[in-house]
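Engineer: Position chain V against the provided structure of chain U, taking the given hints into account.
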Amino acid sequence: MADLKSEFLGIHSPNPFWLASAPPTDKAYNVNRAFEAGWGGAVWKTLGEDPPIVNVSGPRYSALHSNERRVIGFNNIELITDRPLQTNLDEMRQIKRDWPDRALVASVMLPMNEEAWAKYVPMIEETGADAFELNFGCPHGMSERGMGAAVGQVPEYIQMATEWCKKAASIPVIVKLTPNVTNIVLTAKAAKEGGADAVSLINTINSIMRVNYDTLTMFPTTDGMGTHGGYCGEAVKPIALNMVAEIARTQETRDIPISGIGGISDWRDAVDFLALGASNVQICTAAMVYGFKIIDDLTDGLSSFLDDKGMRSVTELVGKAVPSVTDWQYLNLNHIEKAFIDQDLCIQCGRCHIVCEDTSHQAITNMVDGVRHFEVIDEECVGCNLCVSVCPVDGCMSMRHLEAGTDPRTGRPISNEKSNWTTHPNNPMRKDK
Amino acid sequence: MATSEADIRPNRLDKAEIEDNFTDLHPPLSRSEALIEADRCYFCYDAPCTTACPTDIDIPSFIQKIRSDNIRGSAHTILKENIMGGMCARVCPTEVLCEDACVRNTHEDKPVEIGLLQRYATDPIFEQATQLFEAGESSGKIVAVVGGGPAGLSCAHRLAMLGHRVKVFNRDAKPGGLNEYGIAAYKTVDNFAQREVDYILSIGNIDVENNVELGVDFTLGDLRDKYDAVFLGFGLGAVNALGLDDEDIPGVEDAVDYIADLRQADDKSTLPVGRRVVVVGGGMTAIDIAVQIKRLGAEDVVITYRRGAEQMGASEFEQNLAQTNGVTILHWAAPTSLSRSDGGAVTIEMERTELDQDGRLQLTGETFSLEADVIFKAIGQTLAGDTLAQELGKLDVDGGKIVVDANQATSIDGIWAGGDCVAGGDDLTVSAVQHGKVAAISIDRSLRNG
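Sequence order for the protein chains is U and V.
First residue of the first sequence? That's 1 in our numbering, and the numbers climb one at a time after it.
First residue of the second sequence? That's 434 in our numbering, and the numbers climb one at a time after it.
Hint data in this document are derived by calculation from the structure and do not stem from the laboratory.
Computed from a predicted model, the values in this text were never measured in an experiment.
Each statement offered as a hint is correct.
Here are some chain V residues pointing at chain U (derived, C-beta under 8 Å):
id, residue
1, Y475
2, C477
3, D479
4, P481
5, R500
6, V536
7, T539
Ideal Cβ placement from N, Cα and C applies to all residues, glycine included.
Chain V on its own, in the form it takes in the complex:
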């Protein structure tokens, strides 16, 4: 049982130090660095990096264009497949995607830095707002897109390119979804998420309405009546519960909500930061909250995960990032109960876990407890709200997520879906962008044939 006072306060570090802690995690390449790195690309045939890219970017081509100083051509090669190529250059886990597939790994164990090159090629396009795309000749059709995140915006942009008008219904105050509210701040500095959104919308023929929620402000039925097609890309609005008693006690918070506040804060030094923080979870969000809270001045930050390092959803790079930032990762331990002292500190009781002979996770009986000022839940997200569930009752759902086919079409004619809200996804920005693109192409085909 915790006995101490909760120590939660802003200004653990001074403003300048915090600003310094939240600068670009991977600074962009200079021109010389980019040219030297581009020279390392072998221009592979049927390149494994392209195969590994969820959006099929022709990576050898965009790198070759960097080599010849054809930056606009390079950016076009990237953005025509992935309109969020700028953000993906910052947040893609390249170490498990394109860079993992690079043949240089076989040759010398050091892949071409594809992510950084992609950023080098796309940054000038966003900085100068150079329009590389134009809205297609009008089809006279209008499509409703629910969700202003990567899936929805990607779908909207492609639909506009293909000649359709688009109306985006966005739940949040700003479009961008997790790019704006979720991704760690040091991965997308200088308000890049909004600059990217502005660039996407500048193609024209896309109207965005913010602060409107499906099931609250409008229904699927409304959309089906008024629009020629519907795309659902509203992500996952709720955080998974730990399934423990007293989960709602003060001091136990959703990591996703805290990160959203952090991303929107004008002055990060004003955020309340606990001295001792425990994060429960093993994915990217767990790493993002742990590293960011550490950089805001928390002294002791511990991630607990019920399985081992290899099973963590966070990549090896992300795990190393946490550890080099002074975060401790405790593997093979699951929370069993929560309690709060009069002083406000929270105690989380943990029990050691292991795999049984059949590979199932089980508790070992060995327990320990951790005392913290704040505990963050970061064990994944789920579709939000009962009203939404009601809305979706008409759609095939699997494991709480929408079932789609290879064209991102749902079980109901005229409705497509993509991004984190569909089953079988990997919760990556780049996959959401691909879903939106594939859906748009399928919607276009359907509208023109139908």
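Just chain U, same shape as in the assembly:
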């Protein structure tokens, strides 16, 4: 079996799966249970100044459900820890003593003045925590007080606070980034310039889940009023993956270690993050939906995967897919694919036909010789992958690369030479080859 032992900023853990800073890591009781279940590390629920904040006693969470009531997306308006700082520090110290092989990271959120950082950072470090994670991402409540995402959305503030923290800390500092920005690279760069040892992302996305159809108020509410929350869970994974990959492939940020967060529910999601440049991953929603036991699938699924790939450690997987991510302008415009339907697997639902007919290129039949039959018309198929995406049968539809001959759609010969937009004749800004 592949070894899942993980090292992140010199912090060792038996596997690369940490619990993200959130309700599951609010206190020793939960973290103990998580470590007993096998989690590699925990980022403690964000600490703040005393007196602690106060949470609402109404709904803090709500979910986007499938019809089977599977949780697809998740929203929360819980703030940082609402327990006294000392209680948290005492429990963290005990946990680190009881579980020396697990990673314990202190998430912190402090006001924008250096004194606060100078005062609290050493106090927190004394617990024996392995690192700090700076919560510059929380999008609700705390941001109204000039913290959380209010800091994370301004690169200069990120840099400033990171510098204050670094000055006071002797352990590594991870900056947790908010996705509620237009360009994640700018905030990652600011963290790096502030001296951060790593970034973690994404925090949650501003969200309102829906409306209550009876009262026509937003849903959920606390006594009739609601506020936006932070969105997470499976639905946000593609957004998170893009941001991770952007940091991993951009010259100025590619060398900063990444802890990947956002919608990881099973080991395959973890592979996505690791291959796109994260060195480890953090998880919250899946644990909040199913409990800590999901660590079993995460660890042995990842381990089997590494075995199948002939990889001996997680490190070998990290960043593997990053070179395949590029800008649109560099995609090979000479590459031709066509959709293909395996008639032995086709169940005749006709979904491929109707979506192509109504919304794309009229490239799939519905009738051949008077009989219901679905077949790709290569003369019309632009290779868009819509039909493959909607086909309900796994493996029935696929994309096939035309390697030689003529593209029946354009009548042009297929060239094995690569050619992209930068040199395309239609590009007024083209560069000469």
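Structural biologist: Below, chain V without anything else, positioned relative to chain U:
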């Protein structure tokens, strides 16, 4: 020759046990079950299930509306094509219609439960009597509908929607036809048939006269004189005979009559039930009488059918239902004679059958006999009565049933027909509803152009 006493009596089971035996055969889906099942629908293009539905219900659409909790919209999608969508959700042999066509059969051998979803969508509409339709702007025309069963009521409802007044002449004491008098009781519990009739009639502009029979109380001529158009949907009033001597002896009964009594009984435990029962026939009625008599407490129930399982008119599901209820099905055996002992028990002599080289059914000479307290005839129905035959003498008839075209028009101008009384039908409620709907649309076109 039977020697024993006939053992026929009520109260074979106590009332509570019988009530329990006649609860819903397919209990309705809960909301969670419905949402999960609806999620299984692939929303096929040109959906095979819709093609397989005799009334052309847009099945993927009504299921999609269940998914979005748009139950009224879902019910409207169903009922606008099939006003008896509630009953059809209970009695359609979906396993040979929509659910047989479901592409999930190819994928995983388990179709979407369309029938149960249809019931989920329509039940609240009937429970709350939510009116989804309104009578159309008056055309000033009035149409006579003969028969208050599925074909007649479907035709009447569509005519009302299209703006015509309708007069329904119904032979029975209540409208509903076989929905009220024929279908097995455990398929339509809680008086659903009458609730559905009430819903259909609540559109307005439909008058129903009960206890009146064509050829007895009025003639086709009367209707043609007084009404702008006529629709015949009176079903099949008589039961086919076995063609044996002594067929009228006590102890030999028509399954259809017994089921009608059963459906109308306030207390089913009062019905007379034989200890040993033989049912002759292979269709839905044979299964319905066999299973119901078993559930009323009969000990031994045997269905005899002259051909094999595959040729039975009853679907595979229905055959399995009979067998899991403890009914024995004897294939390849035909009755040859009937006799009655002094004690009242009836003996039915049977002879084994087989197909000859040309595929024709023939007797093999091998015989056996069955003794029973009651024998039910369930070998199909036919148009009733000489007077009716006289009435219909003016119409083209084939195999004892009325000939119609694709618009359900008969050979006589101004007369349409549908349901079990027309040739080429399949004796299904859903087909009768479609006939009535198609006829109404054709009548409307004719009245507006004529």
